[in-house]
Structure formats: C-alpha cells, structure tokens
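**Student:** Using the sequences and the hints, build the whole thing.
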Amino acid sequence: MTKANRGDLFDPQCPTRRLLDRIGTKWTSMAVKVLAEAAPDEVRFAELRRRMPGISQKMLSVTLQSLARDGLVARRVEPTVPPRVYYRLTELGLSLEGPLAALRHWAERHMSEIDHNNRLEDARSSAD
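Sequence positions in the sequence shown follow this note's numbering and run 588 to 715.
Worth double-checking, as some hints may not be accurate.
[Claimed, not checked] Label-pair restraints from in silico Cβ distances:
1. R656 <-> L596: 15 to 23 angstroms
2. V668 <-> E700: 46 to 54 angstroms
3. L707 <-> A625: 37 to 45 angstroms
4. R593 <-> T667: 40 to 48 angstroms
5. A688 <-> R604: 18 to 26 angstroms
6. Y673 <-> D595: 33 to 41 angstroms
7. G611 <-> E708: 17 to 25 angstroms
8. L606 <-> Y673: 34 to 42 angstroms
If you are wondering where the hints come from, they were derived from the structure by calculation, not from laboratory data.
For glycine and all other residues, C-beta sits at the position ideal for the given N, C-alpha and C.
**Tutor:** Next up, the structure:
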C-alpha cells in the first residue's frame, strides 16, 4: 500500500479510526485469540462463548458479525435444527493475531503497574 492510500489517524473522517474502534475491543481480541489457537480449524459459536467468559450471546454475535464483515472471520452454517454455526480466521484475520497478541502481552505485563498508578491517582484525588 502506498503512502497516498494509507489512512490518517488524525483525520476525523479517516476510516482507520472506525477500524481501530472495532479491532481495539477486548471482545475482538479474545475472539481472535480463540480462533487463532484453533486455526486452521473452525470453532462453533457455543464453544467461542464458553471460551470467552463474561461475553453475552448478543455481544459475541455482534463481534463476530463485525469481524466477518471486515473479512477477518469466515462463517459457515450447517443447515441443521438448530443450525450449527462455525467460525475461523481468514488469512487477514490471522495477520491481526500478532499485533493483538503483542498488545495483550503488554497489558498483562504492565497491569500491576497501571493498577498501582490508578490507586495513587485515586488517593491523590480523594485527598484534594
């Protein structure tokens, strides 16, 4: 991609902002991680939900629809009753796992420091 075709994060009209909003959520990060661990195999919707504690059925559905719309996830439906729905990462989705894994690793490594800083700031704020 040439520089002329790249987004400009600081331009309020840039679609990069919307993309970062979508891929920057905890649910997207978790879904990509679960699907990457299974790759190249598929994962059923119910299994994804079990492996992502705290996510509602609706939020998982919205997250997967967004990922599929962006071409990061492929969806396959078996016409059974009830239908069985399977998901897998596309090549584009697999390319997102590395950056998201780095961000998850950074968050896990620095969470105690961030928590400490938050407690200090909370104590300062309550003392004022």
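**Student:** For every hint, state whether the structure bears it out.
**Tutor:** Against the structure, the hints:
1. For R656 paired with L596, a C-beta distance near 21 angstroms keeps the hint of 15 to 23 angstroms intact.
2. About 51 angstroms separates the C-beta atoms of V668 and E700, a value consistent with the hinted range of 46 to 54 angstroms.
3. Between L707 and A625 the beta carbons are some 41 angstroms apart, a value that agrees with the proposed interval 37 to 45 angstroms.
4. Here the CB-CB span from R593 to T667 is close to 44 angstroms, well matched to the stated 40 to 48 angstroms.
5. Restraint check, A688 to R604: a C-beta distance of roughly 23 angstroms satisfies the suggested window 18 to 26 angstroms.
6. Take Y673 and D595: their Cβ atoms lie about 37 angstroms apart, and the range 33 to 41 angstroms holds.
7. A hinted range of 17 to 25 angstroms for the beta carbons of G611 and E708 is consistent with their spacing of about 23 angstroms.
8. A beta carbon spacing of about 25 angstroms between L606 and Y673 contradicts the range 34 to 42 angstroms that was offered as a hint.
Violated hints amount to a single one, hint 8; each of the other numbered hints is respected by the structure.
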